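Engineer: Taken in sequence, the protein lines are chains A and B. Take the first sequence: its position 46, counting from 1, is numbered 76 in this note's numbering, and each next residue is one higher. Take the second sequence: its position 176, counting from 1, is numbered 206 in this note's numbering, and each next residue is one higher.
Don't read these hints as lab results, they were simulated from the structure. Since the structure is predicted, the reported quantities are computational estimates derived from the model, not experimental observations. Treat each hint with caution, since some may be false.
[Unchecked claim] Okay, derived cross-link-like pairs now, DSS-like style, lysine-lysine, Cα gap no bigger than 25 Å in a straight line:
(1) Lys92/B x Lys161/A
(2) Lys165/B x Lys113/B
(3) Lys83/A x Lys78/B
(4) Lys137/A x Lys113/B
(5) Lys158/B x Lys161/A
(6) Lys137/B x Lys83/A
(7) Lys137/A x Lys143/B
(8) Lys215/A x Lys83/B
(9) Lys165/A x Lys92/B
(10) Lys92/B x Lys74/A
(11) Lys83/A x Lys165/B
(12) Lys74/B x Lys165/A
(13) Lys150/A x Lys137/B
(14) Lys158/B x Lys74/A
(15) Lys143/A x Lys143/B
(16) Lys92/A x Lys113/B
(17) Lys158/A x Lys78/B
(18) Lys83/B x Lys161/A
(19) Lys161/A x Lys199/B
(20) Lys165/A x Lys78/B
(21) Lys78/A x Lys158/B
(22) Lys83/B x Lys165/A
(23) Lys143/B x Lys150/A
(24) Lys150/B x Lys74/A
(25) Lys215/B x Lys137/A
(26) Lys137/B x Lys158/A
(27) Lys143/B x Lys215/A
(28) Lys143/A x Lys113/B
(29) Lys83/A x Lys158/B
(30) Lys199/B x Lys78/A
(31) Lys173/A x Lys158/A
(32) Lys83/A x Lys161/B
There are 2 protein chains.
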Amino acid sequence: MRRIVLHYFDMYARAETSRMILNYVGAPFLDLRYDMNTEWPDAKNDEKFEMGKLPCLEIDGKILIQSGSIERFLCREFGLYPKDNYSIYLTESLRDIKEDFFNNRLKYLMVLKDRAGWDKWSEEELPKMLKAIEKRFIANGNKNFFVGSSPTLGDFAIFFMVHDFMIRKKAPKRMSEILISSAPKLIDFAENFKNTSPLFLDYMENREDLPF
Amino acid sequence: MRRIVLHYFDMYARAETSRMILNYVGAPFLDLRYDMNTEWPDAKNDEKFEMGKLPCLEIDGKILIQSGSIERFLCREFGLYPKDNYSIYLTESLRDIKEDFFNNRLKYLMVLKDRAGWDKWSEEELPKMLKAIEKRFIANGNKNFFVGSSPTLGDFAIFFMVHDFMIRKKAPKRMSEILISSAPKLIDFAENFKNTSPLFLDYMENREDLPF
Chain A
31 MRRIVLHYFD MYARAETSRM ILNYVGAPFL DLRYDMNTEW PDAKNDEKFE MGKLPCLEID
91 GKILIQSGSI ERFLCREFGL YPKDNYSIYL TESLRDIKED FFNNRLKYLM VLKDRAGWDK
151 WSEEELPKML KAIEKRFIAN GNKNFFVGSS PTLGDFAIFF MVHDFMIRKK APKRMSEILI
211 SSAPKLIDFA ENFKNTSPLF LDYMENREDL PF
Chain B
31 MRRIVLHYFD MYARAETSRM ILNYVGAPFL DLRYDMNTEW PDAKNDEKFE MGKLPCLEID
91 GKILIQSGSI ERFLCREFGL YPKDNYSIYL TESLRDIKED FFNNRLKYLM VLKDRAGWDK
151 WSEEELPKML KAIEKRFIAN GNKNFFVGSS PTLGDFAIFF MVHDFMIRKK APKRMSEILI
211 SSAPKLIDFA ENFKNTSPLF LDYMENREDL PF
C-alpha cells in the first residue's frame with residue numbers, strides 16, 4: 031500500500047481540500063495534525079520539510095509543498111482531472127477563485143483585523159464572485175459537477191468554500207444569506223456533490239467540526 | 031492565425047510571466063494595457079470580463095481569468111510542461127512559491143504599508159525561500175532549467191521573481207544583496223535561462239522598463 035501522510039495543523043484551512051480529495055477516492059492516509067505551539071516549532075526543523083511550512087504531503091517517499099500544487103497533484107493522481115487544456119483551465123481557475131475568497135478573508139480578518147472591511151468586501155465583491163461561479167455551474171449543465179460529468183479539482187475547491195464557509199452550522203449566518211440571495215444554485219451543487227461518493231459523505235458527516 | 035489578447039494594466043505584476051511565456055515561444059499577441067483610472071472603470075463592465083478583474087487572456091474565442099491558471103494554460107498549450115505527475119508538481123510548486131513571495135511583498139508594502147515588516151520578512155524568511163529554490167535548481171543538474179532539460183512554467187516564475195525583483199537595475203539593492211548572499215546560483219540560472227530563446231532575450235532587452 032502507498033504510504034500517504036498529510037502534515038498539517040488541527041484545522042481545515044489549507045489542508046481540508048486535500049483531506050476531502052483523499053477521502054473522496056478512499057485513499058488511506060495518515061492525517062497528521064501538529065500542535066502549532068507545542069509540536070511544530072521543533073518538528074519544522076526536520077529537513078524533510080523543504081521550507082519549514084505546512085501543509086506538506088508525503089507520498090511515495092516524496093514530500094510535496096504548497097496547498098494548490100498538492101491538490102492538483104492529488105487530483106491528477108486519482109483521476110479527478112479533465113483531459114483537454116481548456117477544461118483543465120476551467121477546473122484550476124475555480125480553485126484559484128476559491129483561493130481569492132480565502133485570501134481576502136485572511137487579509138481583512140487576520141492581517142488587517144478589519145471586521146468592517148471584511149463586511150464591506152462580503153457585501154460588494156463576494157456576490158459578484160458567487161454569481162460568476164454559479165453561472166459556470168449552470169453553463170456546464172450537470173447537477174453534480176462544474177466541469178464535464180465527473181468530479182474534478184474545482185468541485186472540491188468550490189464545495190469547500192461554499193460548504194465550510196457559508197452553509198454549515200458554524201458558518202456565519204450572514205455568509206449563508208449572501209449565498210442564498212446571490213447564487214442559490216451553489217447550495218444545490220454542494221448538496222448534490224456531497225452525495226456523489228459514499229466515502230466522502232461519510233467523511234463529511236463524521237469529521238471533527240472545527241471553527242476554520 | 032490565433033487571436034491572442036492579454037488584457038492587463040501597464041505594469042508587470044500579474045501579467046508579466048504570461049508576457050514572458052508568449053514572447054519566449056514567439057506567439058504573436060495583442061498586449062492590451064488599460065489605464066487603471068481612465069479606461070478600466072468603463073471597460074470592466076463588458077460582460078466578457080467574467081469577474082471584472084484583470085489579467086484576462088483571450089484565446090480562441092475564450093476568455094481566461096486568474097493569473098496562475100492563465101500561466102499554466104499557456105505553458106501546456108505551448109509545450110512548456112513536463113509529462114509525469116511529480117515533475118508537473120515540481121514546476122507548478124515553483125510558481126506557487128514565487129506567488130508566496132509576491133503576496134508577502136504585497137501584504138507588507140501595499141496592505142499593511144509596513145516597510146519595517148517587509149524588511150524583517152526579507153531578512154528572515156526570504157533567504158530560506160531562496161536557498162530552497164537554489165537547492166532544487168542544483169538537484170535538477172541542468173544549468174538552464176529547473177525541471178528536466180527543457181523550459182517549463184516554474185522557470186518563468188522563478189526568472190520573473192529573481193530577475194525583476196532582485197537583479198535588474200530598478201530592483202532594490204538590498205534585494206540583490208540578499209540573493210547574492212543566500213542563493214548565488216539563481217543569478218546564474220537567470221542569466222542562462224534568458225539565453226535559451228533569442229525571442230525571449232530580445233523581449234527582455236527591449237521591453238518597457240516598469241517599476242513593478
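Engineer: Run every hint past the structure and note whether it holds.
Structural biologist: Status of each hint after checking the structure:
1. Lys92/B x Lys161/A: Since the Cα atoms of Lys92/B and Lys161/A sit roughly 19 Å apart, the hinted pair holds (cutoff 25 Å).
2. Lys165/B x Lys113/B: holds (22 Å)
3. Lys83/A x Lys78/B: Roughly 38 Å separates the two Cα atoms, so the pair is violated.
4. Lys137/A x Lys113/B: Measuring from Cα to Cα gives roughly 36 Å; hence the hint is violated.
5. Lys158/B x Lys161/A: violated (40 Å)
6. Lys137/B x Lys83/A: holds (18 Å)
7. Lys137/A x Lys143/B: holds (13 Å)
8. Lys215/A x Lys83/B: holds (23 Å)
9. Lys165/A x Lys92/B: holds (15 Å)
10. Lys92/B x Lys74/A: violated (44 Å)
11. Lys83/A x Lys165/B: Holds - the C-alpha atoms of Lys165/B and Lys83/A are around 16 Å apart, at most 25 Å.
12. Lys74/B x Lys165/A: Roughly 18 Å between the alpha carbons, so the hint for Lys74/B and Lys165/A holds.
13. Lys150/A x Lys137/B: Roughly 19 Å separates the two Cα atoms, so the pair holds.
14. Lys158/B x Lys74/A: holds (13 Å)
15. Lys143/A x Lys143/B: holds (14 Å)
16. Lys92/A x Lys113/B: With a Cα-Cα distance of about 17 Å, the restraint between Lys92/A and Lys113/B holds, given a limit of 25 Å.
17. Lys158/A x Lys78/B: holds (14 Å)
18. Lys83/B x Lys161/A: The hint holds at about 14 Å.
19. Lys161/A x Lys199/B: Cα-Cα ~44 Å, so violated.
20. Lys165/A x Lys78/B: holds (13 Å)
21. Lys78/A x Lys158/B: holds (14 Å)
22. Lys83/B x Lys165/A: holds (16 Å)
23. Lys143/B x Lys150/A: holds (20 Å)
24. Lys150/B x Lys74/A: OK: Lys150/B and Lys74/A at ~20 Å, within 25 Å.
25. Lys215/B x Lys137/A: Not satisfied, since the Cα-Cα distance of roughly 34 Å exceeds 25 Å.
26. Lys137/B x Lys158/A: Since the Cα atoms of Lys137/B and Lys158/A sit roughly 24 Å apart, the hinted pair holds (cutoff 25 Å).
27. Lys143/B x Lys215/A: Not satisfied, since the Cα-Cα distance of roughly 39 Å exceeds 25 Å.
28. Lys143/A x Lys113/B: violated (43 Å)
29. Lys83/A x Lys158/B: Cα-Cα ~11 Å, so holds.
30. Lys199/B x Lys78/A: Distance ~36 Å between Lys199/B and Lys78/A Cα, so the pair is violated.
31. Lys173/A x Lys158/A: holds (21 Å)
32. Lys83/A x Lys161/B: Satisfied, since the Cα-Cα distance of roughly 14 Å is no more than 25 Å.
Consistency with the previously given hints fails for numbers 3, 4, 5, 10, 19, 25, 27, 28 and 30, ordered from lowest to highest.
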